[in-house]
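Engineer: Protein chains in written order, with this note's numbering: chain A, 120 to 483; chain B, 120 to 483; chain C, 120 to 483; chain D, 120 to 483.
Simulated from the structure, these hints should not be mistaken for lab results. Just so you know, not all the hints are guaranteed correct.
[As the list claims (entries may be wrong)] Each pair of labels, with its calculated beta carbon distance range:
| no. | chain 1 | residue 1 | chain 2 | residue 2 | range |
| --- | --- | --- | --- | --- | --- |
| 1 | A | Glu442 | B | Thr196 | 49 to 59 Å |
| 2 | B | Asp286 | A | Gly270 | 47 to 57 Å |
| 3 | C | Asp392 | A | Thr156 | 35 to 45 Å |
| 4 | D | Glu159 | A | Thr196 | 33 to 43 Å |
| 5 | C | Val198 | A | Thr196 | 39 to 49 Å |
| 6 | B | Ala439 | C | Asn400 | 52 to 62 Å |
| 7 | D | His154 | C | Gln177 | 56 to 66 Å |
[Claimed, not checked] Cross-link-like lysine to aspartate or glutamate pairs, in silico, EDC-like; alpha carbons within 16 Å at most:
| no. | chain 1 | residue 1 | chain 2 | residue 2 |
| --- | --- | --- | --- | --- |
| 8 | D | Lys437 | D | Asp235 |
| 9 | B | Lys446 | A | Glu381 |
| 10 | D | Lys308 | D | Glu284 |
| 11 | D | Lys437 | D | Glu220 |
| 12 | D | Lys266 | D | Asp392 |
| 13 | D | Lys482 | C | Asp235 |
| 14 | D | Lys185 | A | Glu440 |
| 15 | B | Lys185 | C | Glu209 |
| 16 | C | Lys322 | D | Asp392 |
| 17 | B | Lys482 | A | Asp235 |
| 18 | C | Lys185 | B | Glu381 |
| 19 | D | Lys437 | C | Asp392 |
| 20 | A | Lys322 | B | Glu381 |
| 21 | A | Lys446 | B | Glu381 |
| 22 | D | Lys185 | D | Glu159 |
| 23 | C | Lys482 | D | Asp235 |
| 24 | C | Lys437 | D | Asp392 |
| 25 | B | Lys322 | A | Glu381 |
| 26 | B | Lys437 | A | Asp392 |
| 27 | A | Lys185 | D | Glu209 |
| 28 | A | Lys482 | B | Glu381 |
| 29 | C | Lys266 | C | Glu159 |
| 30 | C | Lys308 | C | Glu284 |
| 31 | C | Lys308 | C | Asp297 |
| 32 | A | Lys437 | B | Asp392 |
| 33 | C | Lys446 | D | Glu381 |
[Said to hold, decoys possible] Take a look, some chain A residues computed to stay more than 12 Å from chain B by CB distance:
| no. | residue |
| --- | --- |
| 34 | Pro181 |
| 35 | Arg287 |
| 36 | Ala329 |
| 37 | Lys349 |
Heads up, the beta-carbon is just placed ideally off N, CA and C, and yes, glycines get one too.
Number of protein chains: 4
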Amino acid sequence: MSHNTFGHLFRVTTWGESHGPAIGCVVDGCPPGIHFTQAEIQADLDRRRPGQSRFVTQRREPDEVKILSGVMQDGETLVTTGTPISMLIENVDQRSKDYGEIAERYRPGHADYTYDAKYGVRDYRGGGRSSARETATRVAAGALARKIVPGMVVRGALISMGEKEIDRANWDWDFLHDPENPFFTPDPKSVSEFADYLDGVRKAGSSVGAVIEIVAEGVPAGLGAPLYGKLDQDICANLMSINAVKGVEIGIGFQAARIHGEENADEMRSGNDGYPRFLSNNAGGILGGISTGQPIIARFAVKPTSSILTPRRSIDRKGAEVEVVTKGRHDPCVGIRAVPIGEAMVACAIADHYLRHRGQTGKG
Amino acid sequence: MSHNTFGHLFRVTTWGESHGPAIGCVVDGCPPGIHFTQAEIQADLDRRRPGQSRFVTQRREPDEVKILSGVMQDGETLVTTGTPISMLIENVDQRSKDYGEIAERYRPGHADYTYDAKYGVRDYRGGGRSSARETATRVAAGALARKIVPGMVVRGALISMGEKEIDRANWDWDFLHDPENPFFTPDPKSVSEFADYLDGVRKAGSSVGAVIEIVAEGVPAGLGAPLYGKLDQDICANLMSINAVKGVEIGIGFQAARIHGEENADEMRSGNDGYPRFLSNNAGGILGGISTGQPIIARFAVKPTSSILTPRRSIDRKGAEVEVVTKGRHDPCVGIRAVPIGEAMVACAIADHYLRHRGQTGKG
Amino acid sequence: MSHNTFGHLFRVTTWGESHGPAIGCVVDGCPPGIHFTQAEIQADLDRRRPGQSRFVTQRREPDEVKILSGVMQDGETLVTTGTPISMLIENVDQRSKDYGEIAERYRPGHADYTYDAKYGVRDYRGGGRSSARETATRVAAGALARKIVPGMVVRGALISMGEKEIDRANWDWDFLHDPENPFFTPDPKSVSEFADYLDGVRKAGSSVGAVIEIVAEGVPAGLGAPLYGKLDQDICANLMSINAVKGVEIGIGFQAARIHGEENADEMRSGNDGYPRFLSNNAGGILGGISTGQPIIARFAVKPTSSILTPRRSIDRKGAEVEVVTKGRHDPCVGIRAVPIGEAMVACAIADHYLRHRGQTGKG
Amino acid sequence: MSHNTFGHLFRVTTWGESHGPAIGCVVDGCPPGIHFTQAEIQADLDRRRPGQSRFVTQRREPDEVKILSGVMQDGETLVTTGTPISMLIENVDQRSKDYGEIAERYRPGHADYTYDAKYGVRDYRGGGRSSARETATRVAAGALARKIVPGMVVRGALISMGEKEIDRANWDWDFLHDPENPFFTPDPKSVSEFADYLDGVRKAGSSVGAVIEIVAEGVPAGLGAPLYGKLDQDICANLMSINAVKGVEIGIGFQAARIHGEENADEMRSGNDGYPRFLSNNAGGILGGISTGQPIIARFAVKPTSSILTPRRSIDRKGAEVEVVTKGRHDPCVGIRAVPIGEAMVACAIADHYLRHRGQTGKG
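Based on the provided sequences and hints, a complete structural model is requested.
Structural biologist: Below, the structure written as structure tokens:
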């Protein structure tokens, strides 16, 4: 067991705080012979990187990944050797700052109080271990995970921001790559609405939550296990490990609790090549914890960041009552940059189950 | 890693299928010196037991637990010795039956197809490993878990059934123990509405989903970890491992995605004994993955069972198109009996974190 | 992590004490589609069973295994379904006895004192969790493990007893199955010497240690990992987990520390089918933690049981000085029955690595 | 599970190859509030560092540790925060070299062939992942582990080299720190003998093995578990994970197999403060897998390095027969520098069990 590791056969350990010299991860159990380039890892990191629009934090971090082990050069690409892959990202933009006040006060909605309750000591600089920076290391690991399952494609999109939602009728995966899309929304028509909305939130010194949807296509049937190694369970656990996530669902999720059995269960007809053809995908591609071959669909809710300019009531380490205002460079909607992070966590969960399935059954 | 084990220091391994001789679990890592009685375990099992009202399956199982190891008699009670506690429940009511059709056909919404895709072999009798019977072993383990954290009380309630919801203004924990309450609802006024509704569902040969809320009080601050050992992550994973669960949330959950930062973050004032007094509990008792000392609140969505009398389109093992009707003794709303199961899974997650926290920090 | 589980993908959890109703194990992660019979498991158990000659304990236990889950009948054999296999063995011969003295006194060389130091409570009946009976469950699990790696054969032999050693020139594997061989010795000429020797030990109210050698043939090259998942490391850990084992070695073991590099390193020549032909096997079939394709060779040292009739100085729970004599039915050389146990533990380690290797690399 | 991680609650993941940019480790689960200095870590690393006498490899590596996470400055010392501690050591002396021949030929006694058999790809530069350099990261982790158990002191010594042994009557722990002692021998009189012997070995282009003894004092009674979490089992597994180790024993080890029960079992008398006073320590401080409070004693056998100048018969990747001579800067007795490594691995095993014991029982 470990508090800083996830996965079983495709296993990721992350380390680092916001204001130390670096952050990083070690990916253990990666199959040998996987070809990739540093540029591929970097491309995923760049999607998560701060400072790319006025809607995300202005902290300037190049997030340049260094690969320190576990690979050999093989012509133009790197190839994994089967030994642990250590990746490191330096912290560059650590603005010097007086932390005196933050060190003593518990910001509402943050982990300040609970860290002190647990550890008795706390790295208060920039959120310490709970900094959103840590998620860069997940994205790097996820970029490798995407290579493990042949044919798998994992994509994500922001589907609501605060009380505003996309129109699913407009869903266009290609729009995710549009430079005019600062929100990871799949609905081109939603951009201006989200932009106006978020400008208002930002100017009010507030913040807002979001819901993200992740879709994994090309996942073979058979991954997962009936009870405590359910594929959906591990996807949910991986998503819940992202900071600020307060809920996760698979397929139609909570909606399933409101409907009848005959509406919910996905019917089957004969498909191609002996595989079933499902007539719907309410199950989100997973039945009894095991993948069906349909697209895997997961959604997660991100709370609004608690780092806001609006004064809030709190206490300090000595128990005295204080008022807290969190200045600094914060995302008004941390859910936006959560999209590539969610993709990475889902990719890691599926890659891990792919190897576990291959281990137990010899298939895959 | 294991597909049939959960927990790290308080560790539960379950085994067994619906129609074998027995089901059971092994609880490893239980602290020595915990006193309990077999009657306490049985009392929790009896809450989950089928056949207690017309709203649940009529399978008649006494669900009598046998404790085979890990304890010594100490006067009137048993006391744990620190070695693994093996508990066994015999399968009694295995109605003899012709499984020919079920063995060949994939029931929509069930794991039949995915089992075959994964394993190539499948115990088709009564759902096999995916049978709801397996959850009895979780309840037995949970009864021990409740003993680990001094002062902890874990309770659950059904808060919605299909499109019907309770009125939270009527919440009465005591009503959970009322013999006139076959639904684990905390709202006395909801009983007749739920009864009428579910009678209709049952008579229509259909089924319906539900949402369950679990509340754990008396959990000390400091349990959990910032990232991959978050208390909320492990609670969600434990709940997602229950059959038919499609979504999980903590505190206000998905609602957090719709509101602003100043509404969401729970403010603090000076409390008694140096502990903070929180002015709300949107966080559900967990910040940054670590307990705050407030009640832990989790909710999960249970889909309607797919075992319904309404004919559904499907295929058989050879890919031929068939129609499936699932006869037999099924719960029209499996969410009802999920209440004690959810309690057990939350209790196990917290007990495990209590020991992990004590291991790392020496506190607790 | 777990104190009562070993293995990662082929994973065995054992439970039970000497004087409870039963002992047992749960084997998780077994591949589906493995065919076996109950008689095969029983045959291995019978080799370990007490009471078969005057040289082992006279406790009379049929050690009849019950298989409770994880299998389906398939014609004449059972077939694994991929779900956990629970096996149970009842404790039959629990001679009623007054444990008053043993409950209070610490037997030298036993775990009595350390159990109390750790747990504060102790099942003093028949050694409790440390009873040699527990090893029956390992043998049952090992019987399944033997089925995992195609072509693998794991055999063991006693090579020394106290100061007496076999003559390796006489090694005859077939003699292990000879009913006239109560010692698991591979040297037919050693039987009378061992018999005389052990009769003397027994009559003197003493006991004696032994060294066991385990050989696994048919293990493909490539199992294991360079550092913390070394195949030899896991074999040694599995053997060290057997009660009374005080040392383990691989290949020529401690002898390697005494010789020169050119004597030690096994030279290679071209072999059949592209495989190397090794000119010796000092390495015991493992280089850099990974199997070479040569036979795996491990040895372990079993101490003499501390349950002897000779009076020994000790203390009781209150610290008072006492003299201890251990009456009862004890093996004068517990190393004898350790042979099938050692085989089982080596088979489990290799089966686990076979699945791990297949998971990471897709080979096997 | 992981191939590059050891420990459960005090958990060490290592990464890196001999000829990449760096090697390192991540220590997870370290208790918060542990004070240490970088100089303390460095002091342990310096004991293992190559190039300090003519008897070890002349590779010149400063082995300077960088601590990247998990600590805060607290006055003159660092203090752990409870989050993962990442430590990195740059590879400096990577002599440029033509690896053409080594890349194609399998060195006898090395992991070259098995790496290819397992992974199909191999980092042949300087031993890759199997390089002795990796052990520096263990020593760094061990330096932290030494801080976990209050009062624990872990020391090691070389007790034999090839056929030469120390005289235990001369044992002097202080001599380990003597600058005139290049062998980690505790016997001052052995130095000249070992020096002459090893000069001969080196000049002959050969190498030689060694036996190392590790003693851990100040370990409280109660650490470990009866069966699969035995303290001796985990110590042995940790030691077996060191490259070139072929055997491990606890207490009198293999000698226990040769003697009688009454000689072997350590008798007890009343001691101070209610603790037993043992009259001998054949058990090596562990009974039934649990520490007794006596010094823990473990020994391990290191084979002679297979990197020797003497030509040896082997094959290349294509199966052709070749002759191999390993030039380069190699230790004629790798066992010498194994002393601080063994200490580190034993310290890690005990620290881990200290936390596990505290987690389960609340003691410690």
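Engineer: With reference to the structure, classify each hint as holding or not holding.
Structural biologist: Hints versus structure:
About 52 Å separates the C-beta atoms of Glu442/A and Thr196/B, a value consistent with the hinted range of 49 to 59 Å. In this structure, Asp286/B and Gly270/A meet the distance hint of 47 to 57 Å, their C-beta atoms being roughly 50 Å apart. Distance hint check for Asp392/C and Thr156/A: the Cβ-Cβ separation is about 36 Å, which falls inside the suggested range of 35 to 45 Å. The supplied range of 33 to 43 Å is met by Glu159/D and Thr196/A, whose beta-carbon atoms lie about 42 Å from each other.
The hint said 39 to 49 Å for the Cβ distance between Val198/C and Thr196/A, and at roughly 43 Å that hint holds. Checked against the hint of 52 to 62 Å, the pair Ala439/B and Asn400/C passes, with Cβ atoms roughly 56 Å apart. Against the hinted window of 56 to 66 Å, the Cβ-Cβ separation of His154/D and Gln177/C comes to about 58 Å, which satisfies the hint. Only pairs whose Cα atoms come within 16 Å are accepted, and Lys437/D paired with Asp235/D is accepted, the gap being roughly 11 Å.
Note on Lys446/B and Glu381/A: the hinted pairing holds, with a Cα-Cα distance of about 14 Å set against a maximum of 16 Å. Straight-line distance between C-alpha atoms of Lys308/D and Glu284/D comes to about 11 Å, which keeps the hinted pair within the 16 Å bound. Proximity of Lys437/D to Glu220/D is assessed by CA-CA distance (about 13 Å); at most 16 Å being required, the pair is judged to hold. Straight-line distance between C-alpha atoms of Lys266/D and Asp392/D comes to about 25 Å, which puts the hinted pair past the 16 Å bound.
For the hint pairing Lys482/D with Asp235/C, the CA-to-CA distance comes to about 13 Å; that is within 16 Å, so the pair holds. Of the pairs offered as hints, the one joining Lys185/D and Glu440/A is violated, with about 40 Å between alpha carbons and a cut-off of 16 Å exceeded. As the CA atoms of Lys185/B and Glu209/C are separated by approximately 13 Å, the hinted pair is consistent with the 16 Å bound. The hinted pair formed by Lys322/C and Asp392/D fails the criterion: a straight-line CA distance of about 39 Å is larger than 16 Å.
The suggested pairing of Lys482/B with Asp235/A holds, with an alpha-carbon distance near 13 Å, which does not exceed 16 Å. For the hint linking Lys185/C to Glu381/B, the alpha-carbon distance of about 61 Å lies beyond 16 Å, and the restraint is violated. Annotation: proposed proximity of Lys437/D to Asp392/C holds, straight-line Cα distance about 11 Å (limit 16 Å). Using a Cα cut-off of 16 Å, the hinted pair Lys322/A and Glu381/B holds, with the two alpha carbons roughly 14 Å apart.
For a cut-off of 16 Å, the pair hint linking Lys446/A to Glu381/B stands: about 14 Å separates their Cα positions. About 12 Å separates the Cα atoms of Lys185/D and Glu159/D, which keeps this hinted pair within 16 Å; it holds. Annotation: proposed proximity of Lys482/C to Asp235/D holds, straight-line Cα distance about 13 Å (limit 16 Å). Straight-line distance between C-alpha atoms of Lys437/C and Asp392/D comes to about 11 Å, which keeps the hinted pair within the 16 Å bound.
Restraint check for Lys322/B and Glu381/A: the C-alpha separation of about 14 Å stays at or below 16 Å, so the hint holds. Taking the CA atoms of Lys437/B and Asp392/A, the gap is near 11 Å; set against the 16 Å cutoff, the hint holds. The hinted pair formed by Lys185/A and Glu209/D meets the criterion: a straight-line CA distance of about 13 Å does not exceed 16 Å. Straight-line distance between C-alpha atoms of Lys482/A and Glu381/B comes to about 51 Å, which puts the hinted pair past the 16 Å bound.
Proposed proximity of Lys266/C and Glu159/C is supported: the alpha carbons are some 10 Å apart, at most 16 Å. Taking the CA atoms of Lys308/C and Glu284/C, the gap is about 11 Å. The hint holds against a cut of 16 Å. For the suggested pair Lys308/C and Asp297/C, the alpha carbons sit about 13 Å apart, so the restraint of at most 16 Å is met. Distance hint between Lys437/A and Asp392/B is fulfilled; the C-alpha atoms sit about 11 Å from each other, no more than 16 Å.
Under the criterion of a C-alpha separation no larger than 16 Å, the hint pairing Lys446/C with Glu381/D is consistent with the structure, at around 14 Å. With a least CB separation of 23 Å from chain B, Pro181/A remains clear of the 12 Å interface cut-off, as annotated. The claim that Arg287/A is not at the interface with chain B holds, since no C-beta of that chain comes within 12 Å of its own (minimum 16 Å). With a least beta-carbon separation of about 6 Å from chain B, Ala329/A fails to lie farther than 12 Å from that chain, contradicting its non-interface assignment.
Distance check on Lys349/A: its Cβ comes as close as 6 Å (rounded) to a Cβ of chain B, failing to clear the 12 Å threshold; non-interface status is violated.
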